[in-house]
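Trainee: So the chains spell out like this:
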Amino acid sequence: MIRTFITAPHRAHTRSFSTTISRRQQILPKSNSPIVSKLEFFNSVTGSSSLIPTYRVLDGVGNLIHGAELPQIDKAFAHRLYENMQLLPTLDTVLYNVQRQGKISFYMTAYGEEATIIGSAAALEMDDEVLGQYREMGVLLWRGFTIDDVMAQCFGNEEDGSGKGRQMPVHFGSPKHHFHTISSPLATQIPQAAGVGYALKRTPDRRSRSIAACFFGEGAASEGDFHAGLMLASTIPSPTLYIARNNGFAISTPSTEQYNGDGIASRGPGYGIDTVRVDGNDVLAVLSAIREARRRCLEQGRAVLVEAMSYRVSHHSTSDDSFAYRPRTEVEDHKKVDNPITRFRLFMESQGWWNADAEIELKARLKEDVMKAFKRAETLKRAELSELFTDVYGGEQPWHLKEQRAELARLLRKYGSDYEPWRKELAKFKNNGRDLLD
Amino acid sequence: MFSLPFKASRRFPSLICRSNSTAPPAGGHLPSIATSTILRSTREAALRTPWLRWLDDNASSPSTVIVGGRETRKMNTYQAVRDAMSIALAKDDSAVVFGEDVAFGGVFRCTMGLAEEFGRERVFNTPLTEQGIVGFGVGFALMGHTAIAEIQFADYIFPAFDQLVNEAAKIRYRSGGTFNVGGLTIRTPTMSVGHGGLYHSQSPEGFFMGASGLKVVIPRSPIQAKGLLLGSIRDPNPVIFMEPKVLYRSAVEQVPIDDYELPLGRAEILVSGTDLTLLTWGTPVYHCEAALHMLSSPEAALQPHITASLRSAKVELIDLRSILPWDVETIAESVNRTGRLVIVHEAGMTAGVGAEISAEIQKRCFLKLDAPIKRVTGWDTPVALQYEKFHIPDAIRIVDAVMETLSY
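Going down the list, the sequences are from chains A and B.
Quick note: the first sequence uses my numbering, first residue 1, plus one each step.
Quick note: the second sequence uses my numbering, first residue 1, plus one each step.
This is chain A alone, in the form it adopts within the complex (with noise of 0.2 Å):
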């Protein structure tokens, strides 16, 4: 197997000392730990070592903090940041509103995280492979999914090309803009992450040049499938960038009951992978942490983990009122003083680069592609009823769902004209359901 040196300097240090000590004194046969004769327990959170610092570029109102370096970003590239930025939310809205309206079944949004997203986007590769929790639309937007090829996945309707209406809204995935199809079980796409980024160290075309890129919220790194996944990727070497969105809640676990330590960054280090803590809010420092974090993914080939540090301003979904955990006041301030969309255009602003007629000019826009893209999905048809049954196999289809398809067809021929609820549920299908029926 090939394992790749260690590049962090600290590291570096660490071993080459105590493989001095360890061949002198051959001590502890599979460790190079160094023998001292204090007895020490250590703890990263309340031993005497400090917490891990959060990497910040930009302070609250969009000033360079003190010895901070801009990321390489210009006017064109900051503008297309702040409106993917915008468009987040601007979906947001009228998809939680249509939820709420009972369109679309269900909902979730990523307001608060808007910077977290859009930097990591900003920062990948378009072809690097992307695993998503389900907070990370906005990584398929960057990459130019369309608002209808939202709207289509969240209606569920004949052009969902993301999985054929089978789905609840908002797991999308697409081949082209390589992101995986995302399911509701957390963290399985941990481990799975690792495999993708062996297979691209595997692939002549993309060794050394694409990553697994993998997204997950601090609630799912509990899941035992982050262990095995972080484990995986570091010791199968794999160039796997894993980016924990910390945003404090899990539903309504708050992350003080999530873990007693020091947040997920400290874990890292247990992997033996490169590490760093970044502000969420602060789209410039996730870019620049990002950006850094792929090049050492791929100059290492091995996995390196971004805790992005931010805060739910939502809900958890459309399914869930966080008021009954949390004070409205607490998120209110939140949405005032650590906003990242304010804080990156007050830096746009800064540079010249942005004002308000512009603000204004992107919100209306923003919001009419939106309002037509949803007014034209809300009249398109589901696809044919008969795809409940395809896609199980590859292959020929197994005996046991041609029956099951032919029973159902059996059914709706006897029923399907009569029975209200099945009647007005094909007239929602493309072709009325009657494809079954040859």
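What the hints contain is simulated information worked out from the structure, not anything from laboratory work.
All C-beta atoms in this analysis are idealised placements derived from N, C-alpha and C, irrespective of residue type, glycine included.
Just so you know, not all the hints are guaranteed correct.
Said to hold, decoys possible - Residues from chain B shown here face chain A by an in silico Cβ test under 8 Å; the list is partial: (1) Phe124; (2) Thr126; (3) Pro127; (4) Gly177; (5) Pro236; (6) Asp259; (7) Pro263; (8) Gly265; (9) Ala267.
Said to hold, decoys possible - Per label pair, the in silico range of CB-to-CB distance: (10) B:Ala351 x A:Pro185: 48 to 54 Å; (11) B:Val107 x A:Asp320: 24 to 30 Å; (12) A:Asp321 x B:Val107: 49 to 55 Å; (13) A:Glu407 x B:Thr350: 25 to 31 Å; (14) B:Gly194 x A:Pro185: 46 to 52 Å; (15) A:Thr203 x B:Arg73: 53 to 59 Å; (16) A:Ile251 x B:Ala351: 29 to 35 Å; (17) B:Thr350 x A:Phe106: 34 to 40 Å; (18) A:Lys375 x B:Thr350: 26 to 32 Å; (19) A:Arg207 x B:Glu116: 20 to 26 Å; (20) B:Val107 x A:Gly102: 54 to 60 Å.
We have chain A; now place chain B onto it with these hints.
Mentor: What follows is chain B alone, placed relative to chain A:
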């Protein structure tokens, strides 16, 4: 000695040959795995394995059934499994083999020498994490590559249940066919081994039977293991391939050395019969063979228990081979002919694979059934170490079930 119907004698020349030439030893010893007539001990018999499909180097040339010029080699089951993986790795540069301890050859020797032959980038150890192994395999296969993962014992597949059932099985469906993990195969040793206790004996195939989107395959012998494993690796769906571990060393056959596949989803009639259908898979295939022998020519001590009028009964023995999807057509056709069905498996009875098959066959063969469908299975207890002989569906339990069903 039970006589073989004409149809079977044509299909199983080796079986006939050995049945006729090797009389049971004095004292009426039952056939064991080592002396089983189901195993193909000659080149000729091996090359005439039913449904064997050659996959020659020239992929564009049509597959052929020509036997001449083919060679076989004596292999046990672990060698046949190793041979299949070696062919898969040689022919498919994207294929990798991984799991716990596979690099040095595997705890059952199934990956012996593969790391040396194909390199540590293609045959490698993983950390000890089953959910990680399957998750990693899912990701690797998502990129269109071929992942051959090993779970060290089927007893330890449960930590990966989520990755298998919620992820691997559903990825093609949930993505509208845009992503798939068809390149994923999970190999895992299964069934009892004589002294495996609770966690080295399990037969968890039933837990996966409801996971539509997966395929589940269990071979009975070296020829079957190689052909079905190559078929599984190349099948466009994720496959769980369960290898009966007691057969790794004990089952020996002449195995064709070329690349060939056996079809998934098809049962195989090993012994044709007209009076009762005996259905099983994996290790119990040999218990069933012993039971048939016991029925037709019982040793002296058992003679009072084996009803004389039933000794000439013609029992049809079927190896199911694929658990999901299973070959309903072959089983239903057989039961419609025989009117009686006994299902044998090592896993516990309640909600086991036998329950599913019973229900479906009862539906299809209702008017033809002359007796209730009987299941001979492990008890609904864990596999207790010192009690194993009384837990597994042994020959005596099978012969009893066969007699009960025949005389219903």
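Trainee: Each hint: holds or not?
Mentor: Do the hints match the structure? See the list:
1. Phe124: The hint holds - Phe124 (chain B) has a Cβ within 8 Å of chain A, the shortest such distance being about 5 Å.
2. Thr126: Interface hint status for Thr126 (chain B): holds (6 Å vs cutoff 8 Å).
3. Pro127: holds, 5 Å
4. Gly177: holds, 4 Å
5. Pro236: holds, 3 Å
6. Asp259: violated, 19 Å
7. Pro263: Cβ of Pro263 (chain B) sits 11 Å from chain A, so the hint is violated.
8. Gly265: Status holds, d = 7 Å.
9. Ala267: At 13 Å from the nearest chain A Cβ, Ala267 (chain B) fails the 8 Å test, so the hint is violated.
10. B:Ala351 x A:Pro185: 48 to 54 Å: violated, 23 Å
11. B:Val107 x A:Asp320: 24 to 30 Å: Given about 47 Å between the Cβ atoms, the range is violated.
12. A:Asp321 x B:Val107: 49 to 55 Å: With Cβ atoms ~52 Å apart, the hint holds.
13. A:Glu407 x B:Thr350: 25 to 31 Å: holds, 27 Å
14. B:Gly194 x A:Pro185: 46 to 52 Å: violated, 38 Å
15. A:Thr203 x B:Arg73: 53 to 59 Å: violated, 35 Å
16. A:Ile251 x B:Ala351: 29 to 35 Å: holds, 33 Å
17. B:Thr350 x A:Phe106: 34 to 40 Å: Between Thr350 (chain B) and Phe106 (chain A), where Cβ atoms are some 36 Å apart, the hint holds.
18. A:Lys375 x B:Thr350: 26 to 32 Å: Because 54 Å falls outside the window, the suggested range is violated.
19. A:Arg207 x B:Glu116: 20 to 26 Å: Holds: the Cβ-Cβ distance is about 23 Å, inside 20 to 26 Å.
20. B:Val107 x A:Gly102: 54 to 60 Å: Holds: the Cβ-Cβ distance is about 56 Å, inside 54 to 60 Å.
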